[in-house]
Amino acid sequence: MQARAPKPAKSRYKGRIFSQILPDTGLSGRALTASMSIMCYLACLALGTLIIVSKSVNLWSSNIASEVTVQIRPANGSEMQAAIDKALEVLKATPGVTATTVLDKSDAAELLEPWLGSAKVLEELPIPRLISVEIDPDNPPDYDQLANSISVEVPGGSLDTHRQWQAQITRTAGTFTLSSYGILLLVSIAAVALVIFATRAAMEANRDTIQVLHLAGAENSFIAFQVQRHFLKMGARAGIIGMIGGLASFAALGFATKSDQAGDLAQVGRQLLYGPLAFSPENYALLTIVPLVATLISVTTARLAVVSMLRRVL
Amino acid sequence: MQARAPKPAKSRYKGRIFSQILPDTGLSGRALTASMSIMCYLACLALGTLIIVSKSVNLWSSNIASEVTVQIRPANGSEMQAAIDKALEVLKATPGVTATTVLDKSDAAELLEPWLGSAKVLEELPIPRLISVEIDPDNPPDYDQLANSISVEVPGGSLDTHRQWQAQITRTAGTFTLSSYGILLLVSIAAVALVIFATRAAMEANRDTIQVLHLAGAENSFIAFQVQRHFLKMGARAGIIGMIGGLASFAALGFATKSDQAGDLAQVGRQLLYGPLAFSPENYALLTIVPLVATLISVTTARLAVVSMLRRVL
Amino acid sequence: MVRFENVGLRYGLGPEVLRDVNFHLKKGSFHFLTGPSGAGKTSLLRLMFLSLKPSRGNARIFGADIAAISPSKLPKMRRKIGVVFQDFRLLDHLTTFENVALPLRVQKQRPASYRDDVMELIEWVGLGARADSYPPVLSGGEKQRAAIARAVISKPDMLLADEPTGNVDSALGERLLRLFIELNKVGTTVVLATHDLELLNQYSAPRLQLKGGELNVTG
Amino acid sequence: MVRFENVGLRYGLGPEVLRDVNFHLKKGSFHFLTGPSGAGKTSLLRLMFLSLKPSRGNARIFGADIAAISPSKLPKMRRKIGVVFQDFRLLDHLTTFENVALPLRVQKQRPASYRDDVMELIEWVGLGARADSYPPVLSGGEKQRAAIARAVISKPDMLLADEPTGNVDSALGERLLRLFIELNKVGTTVVLATHDLELLNQYSAPRLQLKGGELNVTG
Ligand SMILES: Nc1ncnc2c1ncn2[C@@H]1O[C@H](COP(=O)(O)OP(=O)(O)OP(=O)(O)O)[C@@H](O)[C@H]1O
Ligand SMILES: Nc1ncnc2c1ncn2[C@@H]1O[C@H](COP(=O)(O)OP(=O)(O)OP(=O)(O)O)[C@@H](O)[C@H]1O
Ligand SMILES: [Mg+2]
Ligand SMILES: [Mg+2]
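Protein chains in written order, with the working numbering: chain A, 5 to 318; chain B, 5 to 318; chain C, 3 to 221; chain D, 3 to 221.
These aren't lab readings, by the way, just hints derived from the structure by calculation. Please read all numbers here as calculations on a predicted model, not as lab measurements. Note that CB positions come from ideal geometry on N, CA and C, so glycine has one too. Just so you know, not all the hints are guaranteed correct.
[What the hints assert, rightly or not] Which bits of chain D does chain C cover? Going by a derived footprint, with three or more residues having C-beta under 8 Å, they are:
# : segment
1 : 133 to 142
2 : 163 to 171
3 : 191 to 203
[As the list claims (entries may be wrong)] Computed beta-carbon distance windows for the label pairs:
# : chain 1 : residue 1 : chain 2 : residue 2 : range
4 : B       : T181      : A       : D164      : 30 to 40 Å
5 : C       : F64       : D       : P17       : 42 to 52 Å
6 : C       : D94       : D       : D67       : 28 to 38 Å
Sequences are here, hints too, so could you generate the full structure?
So, in structure tokens, the structure goes:
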């Protein structure tokens, strides 16, 4: 039963210190800030994933879209070099093709090495030859028609547009993007709900104070402003904490990624998750949207909740 | 200023209804339950990922460990069938080898199809032959020695133990496992912090009530029990909400997985994330650990916080 | 200034706490409000300070019908009324000074303009040394005096005081009564609810007597 | 039963609120405690109900030194003391019945064993119709009576009442005084802090008079 000595936040005004009219206590305390921060952190992770995935997919898609391959298998009764020349001819006549590179026999053999063993053996095999074709992505050729002409005009020739591959990437990226949007939505809803509950509880906790303010002639807007100011601070604080956490996580991931060895599966996963690009400064800057939105959600939700509550009292 | 009419939780006792001695209001309201639930949800996701990854890795590892491949490339001046027979002889003499299967020429060709085109062409190629070797995982042979004997005794022969592949999987799985443990740890710390803050705030909110209880002769253990009971309910409720959310998410994922088309990259990712097994009933059951731990954390943290606070008042 | 005609009040579905209450307070008048515990004194004051609406009858204050005042006009009207609550209702997180200055603060007056007035009043009620203390460390009588200072700081048109001397000794009670009388002399309408016979005998003023929900005006 | 020798009390670094207080209360005695507002009546009572420790001097209650009582023994001692707080301190989330029954409930007595006693006492203080109401809807006097009922329900060895009649009219005040006198007759030591001259004149008992932090015992 020791007398409690409240130590409310103060602002100095011309020599005399003034307390806040509504205390910072009540439900809107540190637990609220903590859970709001967690949500902001989650939002940062989701947003970061979104940025990385969309950047990676763009880059990959444009890489893939700007390159197709012509494969020429050794066919019976045809000369390989003639087939290659024919293929180049067809390609050059096609609008939208910007460059062609005929891959050496050894390049093709290299691709087969995992399957067939050392290149020495392969050199003697009649393996197919590849032509890498660069495409103007803004003005791509009609692939169906090109594929048709190549298979008709070039003996043993076929066009590989990597379409299946591209579809796979797009589908996988789509899943990630969708999950990220889902998490962002969930987190926002959770944040709104949390602030509504918190506002209600804070009003409940400060019910007597609000009654006294009313009876002293305070206007609803005055009271709402006090509550709002509180949630402004809370939202901003939580947003910044969450953002710092998010930035730290991405930085840590980037660091961990660099120190890891290269390797098939891990690299594929990492490429997809963290992008061929480093998570760049612009992306970090984009994350500052999180505290801004958090503050906005917090303030407007609190304002609406408070005004609707105040309307219901005499 | 309308008179407030508190409606506290009641328990009926012999005709007369009794209110709880400590009200359910104060900071430990719905916002607390909500944020606790979110943490439990995250814990469920992390735990689920952990289960799936470890199960998948086990399964894959044992599959891979129980199977190695012998590759025999057509070497100059040697008969393929003789080489195969020789290889089988070596394998049969090796302890730990339980079975061997010589793959058809066409099986091998199939594996090369993506690279070399239709199987017709391949039939004429002198492609390598494969022998699939089953291993007793509990008693594996000495791989180094086996590889050595095969390369020495079998012309053009080599042993592929998929070791690099296995290392990749282990490394990737390790990353997932580590992140999951990290999230579990973070979530637990956050939950403990949240409950401590909440207990403090609840004690603060009910300070007057606690003083009156003290002065009426209540023992600290009596008061602590009241607070504890409150956090027991809160922890259990939040844990169950979080668990249900987690279960729903996994169920939704399983459903989405089934309806999706098969495809290289997506399938690799999905295999890793959701495992070759469906997320089975035992795994769902394992998730019930989350509400149990949440309740335990909530109650013990609250108990410790309350007792240490009560000790500090006269 | 205040006119009640056949006013009745019930809380929820309970019995009528006030029945057929009729009275009229002229501007600048001084009234005692008496009656046994639970008679409805606080309820009657709550009607007058606009924190409750009558269940029936016609209650007018400053010429407006209490039951029909729009919420947006409430703050303006309440600023003309000073209230001393029976249970003080000081804000625990504000100092005595800030509690007393509250009515001016919610009117958004500049602190510099009222600082000295507030301190002077606080000295007058004998709380000079306690201006920077928080209510939880004040004695019962000190709280009551702070509540009175808060009610009168904005020189309201009407002062409603509910048992304002229940926690102070008779000397201090007399001093506070004089404060109310001074205010009344400069034009404030005063209604003072009390059980304190001593106080009633110290000043002759008409009495509103509540009993069994009915009101009689004497003197 | 209670013996204070040269007891001094200060809050934090403030001035001494009580100085060199000496008195002795015998078992079964009845005392009034008087003094102006802020004199330290509540503070003195708080020492006696073990919610405060003296800054100096020797204060003993039930034979034990207040400054040295171990926390684990506090609940047992407090159960022997009934307190009526100046500001009531009813629990807003419990009904009147539950508030009055609280001291028995924290002693873990079975509800069936005290139900009738509690209801009888509630009727006696005139709150029969309000047993299931929550404190926020009670009038000032009704709260005070509920607080008194809570203090006496467990028939304590010592009753400390702080201004127990500040919010009730004189007829009811007399009735409550009689309750205290009855309790005193069956052996309870009573200390009653009040400003109410009327009450003081109704019963002759020794007075502890506080002034400027010093205590004089008269009568
Ligand atoms: N908000 C409320 N809801 C229901 N009943 C109420 C409410 N407020 C007061 N009452 C009841 O109305 C009656 C009158 O109460 P009121 O507070 O007006 O009495 P009073 O004359 O001020 O008494 P006192 O002198 O004890 O303060 C009482 O019986 C009380 O219990
Ligand atoms: N917890 C506290 N901390 C600091 N000062 C306190 C505290 N409680 C009381 N005081 C101061 O101690 C002095 C005595 O207070 P106390 O409540 O004992 O007076 P009282 O005799 O009960 O007065 P009243 O008749 O007005 O209730 C007052 O000046 C008061 O402001
Ligand atoms: Mg009243
Ligand atoms: Mg006192």
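So, going through the hints one by one against the coordinates:
no.: 1; hint: 133 to 142; verdict: holds (count 3)
no.: 2; hint: 163 to 171; verdict: holds (count 6)
no.: 3; hint: 191 to 203; verdict: holds (count 3)
no.: 4; hint: B/T181 to A/D164: 30 to 40 Å; verdict: holds (37 Å)
no.: 5; hint: C/F64 to D/P17: 42 to 52 Å; verdict: holds (46 Å)
no.: 6; hint: C/D94 to D/D67: 28 to 38 Å; verdict: holds (33 Å)
Of the hints listed earlier, there is not a single one the structure fails to meet.
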